[in-house]
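With the hints as your guide, set chains B and F onto chain R.
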Amino acid sequence: MGQLSGPTDPTADAHWEHNHPRKGFFTDTSICIGCKACEVACKEWNHNPQDGNLELLGSSYDNTGSLGASTWRHVAFIEQGQERIAEARESGRALVSLGMPRIGPPAAPDLAEADTTPPDTADFRWLMSSDVCKHCTHAGCLDVCPTGALFRTEFGTVVVQDDVCNGCGTCVAGCPFGVIERRSNGTIKVATSREDQHDNHPAVPNVGIAQKCTLCYDRLVDDQTPACAKACPTTSIKFGDHDDMVETARERVANLHAQGMTEARLYGANENDGVGGIGSVFLLLDEPEVYGLPPDPRVPTADLPRMYQRAGLAVAGMAAAAALAFLGGRA
Amino acid sequence: MANADCIIIQGSNMAECHPVGYQWVAEAKARGAKVIHIDPRFTRTSAVSDKHIPIRAGSDVVLLGALINYVITNDLWFKEYVGAYTNAATLVHDDYRDAEDLGGLFSGFDPEKGAYDSSSWSYAEEEGGTIGEPSGPEHGADAGARAAGDLFGSGGPALEHAEVQRDDTLQDPRTVFQIVKRHYARYTPEMVENMCGIKAADFEYLARAITENSGRERTTCFAYAVGWTQHSLGAQFIRAAAILQLLLGNVGRPGSGIMALRGHASIQGSTDIPTLFNLLPGYLPMPSAGRHDTLQEYLDANASKQQKGFWADADAYTISLLKAWWGDAATAENNWAFDYLPRLTGAHGTYETVMSMLRDEVEGYFLLGQNPAVGSAHGRMQRLGMSHLKWLVVRDLNMIESATWWKDGPEIESGELRTEDIETEVFFLPAATHVEKAGSFTQTQRLLQWRHQAVAPPGECQSELQFFYELGQRIRAKLAGSDDDRDRPLLDLTWDYPTDEHGDPDPEAVLAEINGRHLDGPDAGKPLSTYTEMRADGSTSGGCWIYTGVYADGVNHAANRKPGREQGPAAPEWGWAWPANRRILYNRASADPSGKPWSERKKYIWWDEEQRRWVGDDVPDFPVDLAPGSKPDPALGGPAALSGDDPFIMQADGKGWLFAPKGLVDGPLPTHYEAQESPVANGLYPQQQSPARLVFPRKDNLSAPSAGTRGADVYPFVFTTYRLTEHHTAGGMSRWLPYLSELQPEMFCEVSPELAAERGLEPYGWATIISPRSAIEAKVLVTDRMRPLAVGGHTVHQIGLPYHWGVGNNAVVSGDAANDLLGVTLDPNVQIQESKVASCDIRPGRRPRGEELLALVAEYQARAGVTIETGNRAITDPEAEGIAPGPSGDASAGDGPQT
Amino acid sequence: MASRSFLQWPVVRQLSTGDLLGRGPAVTSAKTKAITPRTATADRVVQSVCPYCAVGCGQRVYVKDEKVVQIEGDPDSPISRGRLCPKGSASEQLVNSPGRQTKVLYRAPRSTEWEHLDLATAVDMVADRFIETRRRTWQQEDEQGRLLRRTMGIASLGGATLDNEENYLIKKLFTAAGAVQTENQARI
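Protein chains in written order, with this note's numbering: chain R, 1 to 331; chain B, 332 to 1230; chain F, 1231 to 1418.
So that you can see chain R by itself, here it is in the shape it has in the complex (with noise of 0.2 Å):
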């Protein structure tokens, strides 16, 4: 029997016998241009329908809104005036002098000791971020698939298959993430004017299915980095092996704070969060809700051992009160 929750090795939880290494992502947004390579990448290869309605969508520079069933990666920008920057710098900062619980970090420099000067620009940002899904180590959607339908493959990534899902939907509500989702009977809602245009669009493919970023399950059986990481201009996306991935983020993190950003901090890295920690790691520069993430993100089945042991202290009771019942009746 594989783990529900705490740290593991999911791929090996899963039975698979081989030896890869678990793959993800770390997708650094200090350094995101905002470009949306990673979406158009991510729609082509994938052959996702384009699913916005074709009007602003009222948030900076986003047009798509959040991750989909037609979207796998997403593009956030926030702008932030000089209070919330003070404000993120100084939560980054706690979380330094707390031990840096969400990091954990490698041998750190004192950075009590370093040049806190912060950047240049202090009064004015605007942050991008390329938010995906987050193929957790305790995956709620894998975990409470009833179809077979959502695995864990060899490189520890959680893949919807298409020809198994029955469209159930049980999934969409054990993604603590709000990630997986199905995809809509494919007629997107256009502004009138336009209709016409898309008479000639190819039919959407995998209506009604669970669909999410497969991390590009077709392209790693290939030894392909996936289309998002691949394109990604400045390599704010990385993509290799997850413990790698990992290090990386927080040797970028201590980086940073040594350059006085210390509203840096990592998401998703520690193990023992209430998802095992995740596949596809972020270097975030303020509070993850600021993003659009939940702050402490918890895969529903995790609770599900002690569930069952009280389910079954339960049923132990009742069934002991039963005997009880019945030996008391009988005698």
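Any given hint might turn out to be false.
The calculated BS3-like cross-link candidates involving lysine-lysine, where the alpha carbons are at most 27 Å apart (straight line), are [claimed, not checked]:
1) R:K238 x B:K809
2) B:K1030 x B:K721
3) B:K721 x B:K738
4) F:K1263 x F:K1297
5) B:K721 x F:K1333
6) B:K410 x B:K927
7) B:K809 x F:K1294
8) B:K530 x B:K360
9) B:K738 x B:K1030
10) B:K893 x B:K927
11) B:K360 x B:K934
12) B:K934 x B:K893
13) B:K382 x B:K530
14) B:K721 x B:K857
15) B:K382 x R:K238
16) R:K238 x B:K360
17) B:K1110 x B:K738
18) B:K410 x B:K962
19) B:K360 x B:K382
20) F:K1294 x B:K893
21) B:K738 x F:K1333
Derived from the structure by calculation, the hints contain no laboratory data.
This is chains B and F only, laid out in the frame that chain R set:
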């Protein structure tokens, strides 16, 4: 750029418009380089820079001039470099008068022609003469008309000879150095604060960053794009940066220079092999009637055999081109068919052409992957111009607005045009994409890269190569047998390219012709290896001399593809860079006058005493065996006259020009003038706008009044146009793609919260933007990324307008076109329009439809009192013009700024 | 597909692989097991250059059955190192876009609609108009008797996705014809 210690991005939004190129900036930054973005808007580039400095659009020369002043005043210039490699020590003639002396004008201005006679800007000659141009002076009005500034894409302007007078102490007031110093003395940090809206502290930060990262050990690099070129003095913006970079020794060295970030796949190639009215391939001029009536006149005007450097051999390049085009029909007897070339008689640029269309002088128009109905300034003029054509050929991938304006354009909606009345025949011919044809693109660093054909074009799609080859064949067939002299150039044209089974001509055969070949002697038929093999006696041919070598030894070097990771940083075996596969131009300057690297850290090309050769990481941009200390007699002329310390081998005197005695038609030194339309009065001179800018006073091209004149408050705001990462230019290659369209679906404008409050604009609601040309609507993005600037005591609001959308029914996304707001005013050096700054008003709500739209624009014009005179006078300071204001010379008729 | 022996039943596989929770090899479908990227099954890979901005990023074009199936960055390129921006990443859609026009269209004077012409006819019509306009608008000399040898009745405006060889033929043909108003995006 990856080698720079400091990168200044100004006039460019590099991270958004060149994201993949930006990786090199990101890499430099990761290694500790400072990155500063100077731009009216806080963009995605600013977001990843060390610092963003907001600037008022169009005020860049004030800032750059102040940096020049800072460098000189604080004695921070690179003495050895400047003394040896620039023209700092050269004496300018006594007759020269600076803009400082004449209220913003240089000597030689002709108010009637609105242009300069530049002869007084010449270098001094022994015995009081001037070093002129080889074939006598050309009036600025004529040089401007043929956009003569374009000619200097590879070589500098011609001089009679290079026997200049020098004062190496730089003390003589006539030295270039002293002139530059005087010219910029009033460009101070206070002036920057007042004119650019940049705080003194920010200026200090910038000046320190640049100067601390320049010198022997360190280099600073500038990057610009059309944020600099699209101004009425755009060429001078770039010149100003060049002066600064030369003073700091930041030219010809690793991590130095001024990087032009060009916006289209082969736009560099399309000026090298120019589909431009005023150029022949390799930056040779198209001949002009009256100036180049004979071959001899033409060759004399191009270059003197007495000037230094390789441009002195322009005769060989010209005759090789004529041989490439007309083969055996080009003989010594007929002057190599020089008279087969048509002649210019003035400006025939794209904007003049559109005005000719409106006068019914143009019958036929080819649009080849270009969408002027959306992408050119003054979209309405473009579309109305096309409605006067007899026939229009549009070749594109998608049904762009320039193909459908007769059906669904804005003028159909406004009632100005009726489809049933439009006589124009329109042919839409589908084009091939980049993977459906083979050929070479020249990218922004002059690198030619071959594209192999992947698949055949679908349906009736064709490459331009095939279409024009076929069109030429048909025209020639139809004219065959004609004894009309005018048809000789077409019938004698070399036009026999091998074709494949689809009738597609072999692009490598065309490349081979461009490269050139030996025509007689033992090597007859063999490709030329380098342009120095070209001869003026008809024994060589070559279609573009600067590309000679790309097909050396019969090998297509543009297709060289040795992986980058298997080569050094210059990667010479990937593609082929002109000239001679050289990656950094003028790289002789990377070594000191004695030939040693300036520093170990910035080592690139140096003199190897043992081998007696220049060696290093690149192809030396210098005669390879010319020792550093050589001092040949300048009278020798040509490459033989170059000294060992003349790194600028394409300049007529071998030096980098701080002061340009020739070549610019609007002044020898960059000087700040306000834009054609500006809410700010020029704080430096009484002269408001560039006196030599090209204006088009027409009823359909009205300008907003400038600061201080009546009606200026009707169009109180500045707007600037730009691109987004998610789209490409006028949208022909992006608005038809669902994946790109959904990322930026609608036209919007960017405004500051302050302006939104002042005008009652709702976030993500609609706004109408009105200029003297048109009114458009856009969704409103209220953002702190737009900052009001305090300029000259009042607040200047700037509005950002991306220009990708157009009105039509065929694209996935459409919307009003920002370029409809623009008028046509051109830089006189290169005839590029001023589209990065103009005046407008903004108000909430959608624009009116139909005739009411025209009424709205007219109502604004009336309220502002604009006439065709407004903003169009060359000299705006009546005193300078020497004319007392007449009874009508008050504010209502004139438009001079209050001083 | 392999025969549906009971050994393929997930529950059997769950037991035999040890993947008791059915999260790994036990639940992979035949389709999943056979998965191959289309970059690996392409008939050929062709090196190209991105057609958008002037950085000149290298592209690899994957072709299957004479159709472009994928375009991605060329890691060999020392300029781009395999990376592409959103436009470059959308290149495949530029080629295969459903909205792309692949037929010749013609709009007659005063007409409200397009009609289809075949390509050869269209090119021939353009050649006729070219010759006719050139004849009608020919300028041999200026008023001072200086040679002009040109037509001001024909103009062109090109984009910069045209390559050098194409521009060369355009310039050569138009100059020989005397059509001097040849322009391109560089002026804009």
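Hints and how they fare:
{"no.": "1", "hint": "R:K238 x B:K809", "in the structure": "61 Å, violated"}
{"no.": "2", "hint": "B:K1030 x B:K721", "in the structure": "24 Å, holds"}
{"no.": "3", "hint": "B:K721 x B:K738", "in the structure": "16 Å, holds"}
{"no.": "4", "hint": "F:K1263 x F:K1297", "in the structure": "26 Å, holds"}
{"no.": "5", "hint": "B:K721 x F:K1333", "in the structure": "22 Å, holds"}
{"no.": "6", "hint": "B:K410 x B:K927", "in the structure": "16 Å, holds"}
{"no.": "7", "hint": "B:K809 x F:K1294", "in the structure": "41 Å, violated"}
{"no.": "8", "hint": "B:K530 x B:K360", "in the structure": "24 Å, holds"}
{"no.": "9", "hint": "B:K738 x B:K1030", "in the structure": "25 Å, holds"}
{"no.": "10", "hint": "B:K893 x B:K927", "in the structure": "31 Å, violated"}
{"no.": "11", "hint": "B:K360 x B:K934", "in the structure": "20 Å, holds"}
{"no.": "12", "hint": "B:K934 x B:K893", "in the structure": "24 Å, holds"}
{"no.": "13", "hint": "B:K382 x B:K530", "in the structure": "13 Å, holds"}
{"no.": "14", "hint": "B:K721 x B:K857", "in the structure": "45 Å, violated"}
{"no.": "15", "hint": "B:K382 x R:K238", "in the structure": "26 Å, holds"}
{"no.": "16", "hint": "R:K238 x B:K360", "in the structure": "18 Å, holds"}
{"no.": "17", "hint": "B:K1110 x B:K738", "in the structure": "25 Å, holds"}
{"no.": "18", "hint": "B:K410 x B:K962", "in the structure": "21 Å, holds"}
{"no.": "19", "hint": "B:K360 x B:K382", "in the structure": "12 Å, holds"}
{"no.": "20", "hint": "F:K1294 x B:K893", "in the structure": "25 Å, holds"}
{"no.": "21", "hint": "B:K738 x F:K1333", "in the structure": "18 Å, holds"}
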